[in-house]
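K.L.:
Please work from the sequences and hints to get the whole structure.
Respectively, the protein sequence lines represent chains A and B.
Residue 79 in numbering that gives the first Met the number 0 sits at position 80 of the first sequence; the count goes up by one each step and never skips.
Residue 228 in numbering that gives the first Met the number 0 sits at position 229 of the second sequence; the count goes up by one each step and never skips.
No lab work stands behind these hints: they were computed from the structure.
Everything numeric in this text was worked out from a predicted model, so none of it was measured.
Backbone N, C-alpha and C define an ideal beta-carbon position, used for all residues, glycine too.
Be aware that one or more of the hints could be misleading.
Okay, derived cross-link-like pairs now, PhoX-like style, lysine-lysine, Cα gap no bigger than 20 Å in a straight line [as the list claims (entries may be wrong)]:
1) B/Lys290 with A/Lys114
2) B/Lys290 with A/Lys37
3) B/Lys226 with B/Lys255
4) A/Lys255 with A/Lys199
5) B/Lys159 with B/Lys193
6) B/Lys290 with B/Lys254
7) A/Lys290 with B/Lys114
8) B/Lys199 with B/Lys226
To be clear about the criterion: a stretch of chain A counts as covered by chain B if any three or more of its residues have a C-beta under 8 Å from a C-beta of chain B, and this derived list gives those stretches [unchecked claim]:
9) 20-33
10) 56-62
11) 244-256
12) 265-277
13) 284-290
2 protein chains.
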Amino acid sequence: MDDMNDIQEKYITEEGMDDLWNVWYSELHDGLSGLTVKVDRIVESIKSDFQRIDVLDTRGFGKMLVLYGSLMVCDRDNNSYNEMITHVPLMTHPRPDDVLVIGGGDCGALTEIMKHPEVKSCLMCEIDRKVVETSQRHFPHLTAGLADPRARVIYQDGKKFIEDTNARYDVILLDLSDPVGPAADLFQKPFHRKVFDRLKDDGILVAQSESPYYNQDTFQSLIANLKTIFPLVRPYLCFMPIYPSGLWSFAFCSKKYDPLKDFDRPRYNQLELRTRYYSDEAHQGAFALPKFVADLVG
Amino acid sequence: MDDMNDIQEKYITEEGMDDLWNVWYSELHDGLSGLTVKVDRIVESIKSDFQRIDVLDTRGFGKMLVLYGSLMVCDRDNNSYNEMITHVPLMTHPRPDDVLVIGGGDCGALTEIMKHPEVKSCLMCEIDRKVVETSQRHFPHLTAGLADPRARVIYQDGKKFIEDTNARYDVILLDLSDPVGPAADLFQKPFHRKVFDRLKDDGILVAQSESPYYNQDTFQSLIANLKTIFPLVRPYLCFMPIYPSGLWSFAFCSKKYDPLKDFDRPRYNQLELRTRYYSDEAHQGAFALPKFVADLVG
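P.N.:
Here you go:
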């Protein structure tokens, strides 16, 4: 905590001098276009063993967590990514007892998973302890699920974990940052094959698959690769205004259940999930792809 | 054309001096966050009787048309807005003989409408002749429909046109810019009542209804007002990366036909529309609202 005090002292601005502070966060695709956000305050800037981690305070989106130069989550009630990576598989699998999250250091997905009483255990395998600790300090609404006795965190390389474990899961989420930093290997086919083996015979994998607008190559090759491994692969979309282009995608990969046919309506009605984005309607609608996206995964 | 030559002479940069040109277009919501795009060249900047009109050339999105400070269309094959405002009503109405577009000066909607052979006439009522002319010079793929003998353009205030005409239409599109410039009055209930009267007994109105993320008040009140006038109002969405937040909305308002039940599949299959975004799948999926949007229109 000494580090933090140092940082705060360094960054605090004097009363009445806010007008002289003109700092913008800009996240550009190919250096040509992207999101720009006015920054009120640099809350924290640290370097872990794996990446640079920044927490910025903004009036537009509240506090923002930036990993390896990419905006991951923000304070403003805008949880579509975490809700959609989680509830789509969990409302499709009839008995999601054991869930594994690879990545997901902000703990937003884990906290959504804990909204499902039928989940018996949730293990999160995150490489970077400092991401979890930073999120706990600044995004407590995202990390609330850590307090649940069913949740456990292991700090390890997801690739090594998958290679070493004998456990099998009902649902696995690849909640990874962009394939440029520590997560790069986890977008590759050899890794996906091993993940397939760590799923039970009726297991479901959901992998975040980048922006189908800006990252068409990654999206297209990821879906194509997964289709060679899983009997059923369905891409789905969500609107996420703080991610590049505002449109984000996921790959729903399944050994048995189909998210369009096996959506568990009685359980959904009973659960009364508290969500901002996910609903039965959003679940179905997310699989209706605009033509340019459907064409990419033909 | 003299104006244009002047402008080009003023703006052309010398060979090899491109590195010294660092200009960005930024469109901010409340001055706090938004899209930023690197600009290669100011192609044209004019003032009409109604607004400022800028054409900017960019590597990120190709040429961009900016009206009254808002980015309207770009060159890059990204026509989701025009396709979705057009084909959703035209594939729902069984006999869309006579179509009226209010606004729509870039002619993108008109050009999409001309893809439907069953349309007998399409009148576009645009207040600002200079928007049409500028689009013809710089966005010929958007204005191609003007050459169709079924298309006609009248340069007049949409409000005055609707008040004065006795004609009735099968489909009316309110393809308006944001409710801050010349289009402000056309977002109001008295205007919508008059539009209702200019529709045939089984007519359909589609109105663009802003970003349900950034412009929640406008979206919410527009839908609520339209519900007091039309027996059926269904909001629908499209992904539009160059519009604020990337998520855009439309109000489907109908005297008879329901876009979810009356989608004309045989005609759709026969037409083989050349689109980038719209499809039968996109048509249905656009009405599946995320929870935060559904909550706004309860």
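K.L.:
Hint by hint, say whether it matches the structure.
P.N.:
Results for each hint:
1. B/Lys290 with A/Lys114: Distance ~17 Å between B/Lys290 and A/Lys114 Cα, so the pair holds.
2. B/Lys290 with A/Lys37: Distance of about 28 Å is beyond 20 Å: violated.
3. B/Lys226 with B/Lys255: holds, 14 Å
4. A/Lys255 with A/Lys199: holds, 10 Å
5. B/Lys159 with B/Lys193: holds, 10 Å
6. B/Lys290 with B/Lys254: The hint is violated at about 26 Å.
7. A/Lys290 with B/Lys114: holds, 17 Å
8. B/Lys199 with B/Lys226: holds, 18 Å
9. 20-33: Check passed, 8 qualifying residues.
10. 56-62: n = 4 at 8 Å, threshold three: holds.
11. 244-256: holds (count 3)
12. 265-277: holds (count 4)
13. 284-290: holds (count 7)
The structure fails to meet hints 2 and 6 from the earlier list, while all remaining hints are met.
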